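Engineer: This is what each chain is made of:
There are 2 protein chains.
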Amino acid sequence: MNDKKKVNIAIDTIGGDNGAEVVVRGAVKGIEENDNVTVYLTGHKKELETLLGEYKYDKDRIKVVDATEEITCHDAPVEAVRTKKDSSLVVALNLVKDGTCDAFISAGSSGAVLAGGQFIVGRAKGVRRTPLAPLIPTSGKPSLLLDCGANVDARPEVLVQFARMGSIYMENIEGRKNPTVAIVNIGTEEEKGNALVKETFPLLKACKDINFVGSIESREIPTGKVDVILTEAFVGNVIIKLYEGLGKTLLSEIKDSMLSSFKSKMGALLVKKPMKKTLSKFSASNKGGAPLLGLKGLVVKIHGNAKEGEVISAIRQCNDFVIRDVSGKIIEGLSKESAE
Amino acid sequence: MNDKKKVNIAIDTIGGDNGAEVVVRGAVKGIEENDNVTVYLTGHKKELETLLGEYKYDKDRIKVVDATEEITCHDAPVEAVRTKKDSSLVVALNLVKDGTCDAFISAGSSGAVLAGGQFIVGRAKGVRRTPLAPLIPTSGKPSLLLDCGANVDARPEVLVQFARMGSIYMENIEGRKNPTVAIVNIGTEEEKGNALVKETFPLLKACKDINFVGSIESREIPTGKVDVILTEAFVGNVIIKLYEGLGKTLLSEIKDSMLSSFKSKMGALLVKKPMKKTLSKFSASNKGGAPLLGLKGLVVKIHGNAKEGEVISAIRQCNDFVIRDVSGKIIEGLSKESAE
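As given, the protein sequences belong to chains A and B, one line each in that order. Convert by adding 266 to the 1-based position in the first sequence; the result is the number in the numbering used here. Convert by adding 266 to the 1-based position in the second sequence; the result is the number in the numbering used here.
Please keep in mind that the hints were generated in silico from the structure rather than gathered at the bench. All values reported here derive from a predicted model rather than from experimental measurement. The beta carbon of each residue, even a glycine, is placed where N, CA and C say it ideally should be. A couple of the hints might just be wrong.
[What the hints assert, rightly or not] What follows is a list of derived Cβ distance ranges for each label pair:
id	chain 1	residue 1	chain 2	residue 2	range
1	A	R394	B	K602	44 to 52 Å
2	B	V479	A	K464	32 to 40 Å
3	B	G570	A	K514	50 to 58 Å
4	A	D475	B	C339	32 to 40 Å
5	A	D522	B	R582	24 to 32 Å
6	A	S527	B	D324	40 to 48 Å
7	A	A342	B	K514	19 to 27 Å
8	B	D522	A	D283	27 to 35 Å
[As the list claims (entries may be wrong)] Computed list of lysine-lysine pairs in DSBU-like fashion (alpha-carbon distance at most 30 Å, straight line):
id	chain 1	residue 1	chain 2	residue 2
9	B	K539	A	K538
10	B	K295	A	K458
11	B	K271	B	K602
12	B	K538	B	K507
13	A	K514	B	K464
14	A	K542	A	K595
15	B	K295	B	K363
16	B	K538	A	K407
17	B	K514	B	K391
18	A	K543	B	K543
19	A	K443	A	K521
20	A	K458	B	K351
21	A	K363	A	K407
22	A	K539	B	K391
23	A	K539	B	K539
24	A	K539	B	K542
25	B	K521	B	K562
26	A	K531	B	K547
27	A	K539	B	K529
28	A	K521	B	K602
29	B	K521	A	K538
30	B	K271	A	K350
31	B	K543	A	K507
32	B	K539	A	K543
33	B	K521	A	K407
34	B	K543	A	K521
35	A	K542	B	K507
36	B	K542	A	K521
37	A	K595	A	K270
38	A	K329	A	K270
39	B	K295	A	K538
Take the sequences, apply the hints, and build the full model.
Structural biologist: See below:
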């Protein structure tokens, strides 16, 4: 052990597409890599103990907490979080609520993670709404897109808070100095946009602590030209899902086209390796999960189909978040706003 | 000449990235292909006559109308349309207004086309707003995405009209029987969405003349599973531009990756042909332009970088639209609504 602050992370092992196995493997590697971290795995105790039995690891730093219920994506999120008290998701969130853990990771139902984060962990002081903020791949460095959560029909002041939280996150976790922020718009001139954008634009311009660079049209998003891309949740949701869907469709069409003849199949073998490299850049797994910002503890949603790599990245991300006190910095940043 | 209705189309030859040359070539081929069509080219008379001098064509069916001014994308659209009376764009739109022409095509400033369509040509009877409705490429047949225009902050009743206009367009121009309509949403359950979607959803469900199939998440858009994709203009704009931007970025990254080594360059030669086929499917040029629906005449916006192929397609599209009386069918369809 070094003299770093100890960080405890609760991980929900149920609800991901790849079962508890990938979570256990990720947890074992995660604590190896981060020697100040202890992981609390919530789920079916016997199964978890059997899976853990296959590894050599520091037994003091992986704890199993039994949970008998499961929340699936077929459950109504708010209802499920309220009634399934012994689900792996709720048990893990309660470990953050009662202070046992600093952070939470889940590959389960997005709706339940968002609802549980708000209702169980709770908003930090001064926070109006809590945005879900995934990093999205670009041809440059990844950008933070927020809000992709459930705060539809948000007000301008809420978007301004999101811009602050996103900037603080990018500065502290991704090391971007004075990160640039742009608002998603249908043109780049200041007078363009819908009512929400037009009202939010001057508020952002007036904030000295936000490096606001104006509007961004969605066609520029994949270039990675700004650090923080700000939009309300409906549009954020459309962007993140179209990113995913269009990427998948284009790549599968290209793959099909390459397998269409003997000649092109030969070609496909030769281009496979560099193409794979490009594709892995456009997959988010090496970047951890999407944090739900502005809560009393950190809640991270990883993809439903996450494998061990994404679990390890999310553990690193949670550790950085806690060690660098990003929560404290967010509360401090937002308090300046109310003092303005 | 056959006994088909004669169709006159005004084409703005200024404002596209590729100059008047591609428009002239497209017009010559367009009237060859559509023997009932006459084209009115607006722009610099001398230049157009010189360009036309290089072709053999039916001189009665291509007319040149002089216009001395130019509208660029740097002009404020509404202002430009009002003050540049002798611009190629305004002169062409006036040919539709005064009944000389049935339809208008331009590769110029989108904003000016939208503004000019509304102010000069004018809305048809019963139309609340006029949506811009491009066909978007998918892995199946193309889908119609509307609204991608300038009607931000639209009301639910406006979206219902858009759904009707889009259905009539797809049935008559693309030959889709009883076309399916879905509304862009952040989940597929009926209770999901922002205030606008929640209000619009039951209205669409209640329309017997709309084949409404519920919500569509943006990740499903590229699959082509529905004929008409309905959303308000801000979101439509984000979708169409992200489609364009992400496609471009991914393809250029893949291209770069293939040129990264000698081995992969060899492979690239072998896969070039089938890949090109895939890419051309995902480019919109063979599908004409985006119609602005609900006007007294047809206004079609083609891409700024359109080449002769897109001009020819747009001429065919305008001809079909007029011959099949899609405007009349839209007015009839909307009048049923007010009678309900």
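Engineer: Going straight from one Cα to the other, do K531 of chain A and K547 of chain B come out at no more than 30 Å?
Structural biologist: 20 Å, holds
Engineer: Is 27 to 35 Å right for how far apart the beta carbons of D522 of chain B and D283 of chain A are?
Structural biologist: 32 Å, holds
Engineer: Against the 30 Å threshold, does the CA-CA distance of K295 of chain B and K538 of chain A hold or violate the hint?
Structural biologist: Violated, because 42 Å separates the two Cα atoms, which is more than 30 Å.
Engineer: Against the 30 Å threshold, does the CA-CA distance of K363 of chain A and K407 of chain A hold or violate the hint?
Structural biologist: Since the Cα atoms of K363 of chain A and K407 of chain A sit roughly 34 Å apart, the hinted pair is violated (cutoff 30 Å).
Engineer: Does K271 of chain B pair with K350 of chain A here, judged by a C-alpha cut-off of 30 Å?
Structural biologist: Not satisfied, since the Cα-Cα distance of roughly 68 Å exceeds 30 Å.
Engineer: Hint check: K271 of chain B vs K602 of chain B, CA-CA at most 30 Å. Holds or violated?
Structural biologist: At roughly 27 Å apart (the allowed maximum being 30 Å), K602 of chain B and K271 of chain B satisfy the hint.
Engineer: Within a Cα-Cα threshold of 30 Å, do K539 of chain B and K538 of chain A meet the stated pairing?
Structural biologist: 17 Å, holds
Engineer: K514 of chain B and K391 of chain B: Cα distance at most 30 Å?
Structural biologist: The given pair, whose Cα atoms are some 40 Å apart, is violated under the 30 Å limit.
Engineer: Can the restraint linking K543 of chain B and K521 of chain A be considered satisfied, given a maximum Cα separation of 30 Å?
Structural biologist: 12 Å, holds
Engineer: Check whether the Cα positions of K539 of chain B and K543 of chain A lie no farther apart than 30 Å.
Structural biologist: 22 Å, holds
Engineer: Using the beta carbons of S527 of chain A and D324 of chain B, state whether their distance is inside 40 to 48 Å or not.
Structural biologist: Cβ of S527 of chain A to Cβ of D324 of chain B: about 43 Å, so the range 40 to 48 Å holds.
Engineer: For the pair we were handed, K521 of chain B and K538 of chain A, check the Cα-Cα distance against 30 Å.
Structural biologist: 12 Å, holds
Consistency note: the structure conflicts with the earlier hints numbered 3, 7, 10, 14, 17, 19, 21, 22, 25, 28, 30 and 39.
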